[in-house]
Amino acid sequence: MSVDADAPADIAATVATLFRRDSRKVLATLIRLLGDFDLAEEAMQDAFKAAVEQWPRDGIPANPVPWLVSAGRFKAIDGIRRRARFDAIDGDVATAVEAIPDGAARWDEAEEIADDPLRLIFTCCHPSLSADAQVALTLREISGLTTEEIARAFLAPPATLAQRIVRAKAKIRAAHIPYKVPGAGELGERLASVLRVIYLVFNEGYSASAGSSLTRADLSAEAIRLGRLVVDLLPEREAMGLLALMLLQESRRAARSGPNGELVTLEAQDRSRWDRAQIDEGLAWVERALAAPPAGAATRPGTAAAARRDSAARFGPYVLQAAIAAVHAGAASAEKTDWAEIVGLYDVLVRLQPTPVVALNRAVAVAMRDGPAAGLPLIETLLADGQLQDYHLAHAARADICRRLGRHADARASYERALALARQEPEREFLAARLRDLPS
Amino acid sequence: MKYLCLVYLDDAKLHAVPDSECLAASEGLRAEGRVVAAEALHPVDTATTLRLRDGKLTMTDGPFAETKEQLAGFYLFDAADLDEAVALAARIPPVRTGSIEIRPVRELDPSR
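These protein sequence lines are chains A and B, in that order. For what it's worth, numbering that gives the first Met the number 0 labels the leading residue of the first sequence as 0, then goes sequentially. For what it's worth, numbering that gives the first Met the number 0 labels the leading residue of the second sequence as 0, then goes sequentially.
Bear in mind the hints are in silico, worked out from the structure with no lab data behind them. One should not assume that every hint holds.
Said to hold, decoys possible - Straight-line distance between alpha carbons at most 27 Å, and here's what the computed DSSO-like set of lysine-lysine pairs gives:
| id | chain 1 | residue 1 | chain 2 | residue 2 |
| --- | --- | --- | --- | --- |
| 1 | A | K48 | A | K74 |
| 2 | B | K12 | B | K55 |
| 3 | B | K1 | A | K179 |
| 4 | A | K74 | A | K170 |
| 5 | A | K74 | A | K179 |
| 6 | B | K55 | A | K170 |
Just chain A, same shape as in the assembly (with noise of 0.2 Å):
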């Protein structure tokens, strides 16, 4: 079909469709270009309705982003000049902008263009900035997402939100963030910066704390894709880990709460209702984080064992929570769970985050491959050691292990405890209900 046969419905359409694929994009080139955030926000703006303008007339351009990139980039340049006539202009952008090279050359650096987002997600992730700049950042510039749906999302007033982005911005520009991909030296701290921002992102949208679930959701997929844009382009272990991680988790989350919206624990859940296709795009990301080693290492469930064949050093973090989340994936029940392997997971990553919580739960895996007298003296010790006191977890932990064990009435104390400590209703309703079932 020729270009010219589109109907004005048609190309409104067409660029309705590349706003929400591209805009961000877009956004994250003009960022580079004009070194300047509302600047770029706005020539990107300009840019889509001058498609909307030109396209009906002229056709739509071969390959659009390139021609997006270059309108913002004159509409821009254009605007500041017209400016510029009428008060004194911040020397630093008029001078980026006029060192701007043709947009012609330009085209060519089309690997330049296609890291950009990258670029983007490392500037709005640097740790410099708060750890709630940068994930207010992350989901404004690069999500797209507006400051009263990060608000929403978030339980925070929009003002907050604003303010903390206005903040954030004003400090990449005054203090000179830098608007690059960091070096070999320093990218593994700077990765782990940016994919803790997608897990918080994420978690924010999984555990289903108060306000809208819908919204919730949506941040988990957000979440889920920021992390296959940092793989794409960066396909780093640990970023492969995450988005394995991620996707494990996510796959359960029609199965993790009951009709009434009550937390089903994992033990307990329907896994014919885990997402399968979820499952498979999972184990086949853990299996690339994993992979490398030796010809013939295992695969599914198995990958687990290469994982803790391997030095704590090689693989972080992610890689080893989503080696443990396959494992539960490749397991039909609870009792059917390879828990040496976990355990053994737990192990290396207890290493590599000596963290109480992260302890807490290797003790929980220990219970179920040991039986719960052999978990219960390491829960002990750790709430004995007061960092978990707080931690409802932690009392809910040592309630089942009782529970099991038949030692009620210390079920019944700790089950009070965590409910006590508990703020999400869903985990409340399942304690409430632990407590009621118990027998007096």
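Following the hints, position chain B against chain A.
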């Protein structure tokens, strides 16, 4: 782009890093041409804080803010961006015992 790196140290740790080590570090950084200025400071009990209010100049003994850590010295670096400034500041020895606050230098604008 200039970055002022303020070196903060706990009172008790003011002399934790020997002067000789600080001298060696600063000579290394100066040799690379990145240091605009750098000095160590006398302890805060030698500080005087100045305020001009309603045309009246007042002086107070001590630093502007009482904190556990005090300003012990500074570096003024010339760096391309924050990452570069961070890499340079990470070589200031008290980074191990105290903390370094990195502040981008603002060019004063005569039109404002």
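Here's how the hints hold up against the structure:
no.: 1; hint: A:K48 x A:K74; verdict: holds (11 Å)
no.: 2; hint: B:K12 x B:K55; verdict: violated (37 Å)
no.: 3; hint: B:K1 x A:K179; verdict: holds (19 Å)
no.: 4; hint: A:K74 x A:K170; verdict: holds (25 Å)
no.: 5; hint: A:K74 x A:K179; verdict: holds (24 Å)
no.: 6; hint: B:K55 x A:K170; verdict: violated (35 Å)
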